[in-house]
Amino acid sequence: MDKKIISIIIILLLATVAGGSYYYYINSGPQYKNITMNGITMEVPESNITVTQQTDIYSFYNDSDNNIEIFVLDSTTFGLNDFSEAVTYAALREAFQVGASLQTSDGYSYNYSESSGIYSWVGNYSHKNLLIATNSKEDMIHILESVKVDENSSSLNESNETNVTKSKTTTKKTQSVEEEDSEREDEQVIDGWDPKEHEVSREKMDDGYERVDYDDGYYRIVDKKGNVESYGY
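Take any residue in the sequence shown, count from 1 to its spot, add 191: that is its number in the working numbering.
Calculated from the structure, these hints are not laboratory results.
As the structure is a computational prediction, the values presented were derived from the model and not from experiment.
A hint or two may mislead.
[Unchecked claim] What follows is a list of derived Cβ distance ranges for each label pair:
hint	residue 1	residue 2	range
1	Ala282	Gly308	16 to 24 Å
2	Glu388	Glu329	19 to 27 Å
3	Thr243	Tyr223	17 to 25 Å
4	Arg393	Thr267	22 to 30 Å
5	Val278	Tyr223	26 to 34 Å
6	Tyr223	Ser307	20 to 28 Å
For every residue, glycine included, the Cβ atom is placed at its ideal position computed from N, Cα and C.
Please model the complete structure; the sequences and the hints are all you need to start from.
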């Protein structure tokens, strides 16, 4: 057989093998799908699980095959009839934080519990409170990287609220404003709601921050001067 023909056949065989290997590499990697929960869209590993919209303000996603649980409590329209959902969300949030410590990877801070092997993250997007829990750090990072919020949610807080760190971005008041506004922000009465009357506990956190819990399931993270850094249910 002509050497030129043999060379062409070898090149074609190598190209076929390389193409097959590339196809296998592309299709053997993790596959993801988009889910939307109360205006928050994110990517999760492919599965036949769908989002459960329990009420207008509360939804959850429970993928037991991939060990991923996601909860969203939308407190923008929170009312007295939604108290049970707020309590459920708060209980889950606290349960995932038991024995957890702060970790940072790929620019994201989250919590990890050695006893349970669970990674968790808590944050809010314009009163849309988001809780993510999984035993896979890779899935946690991928979900956080993919989070998108609808246009109606313009105020965005992407910090892991349970563990407040120095890297968190805050808006500082000028000295003149601080002198004029002597009242602590966490003590100001809002629409007749007096935080002093509803406060049930105040817990010191890292870097001088405090977590303040109220009797309706609401909480705030405040700094030494009483400025409210984050909040949620």
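Which earlier hints turn out false for this structure, listed by number in ascending order? Checked against the structure, the only hint that fails is number 2, while the rest are satisfied.
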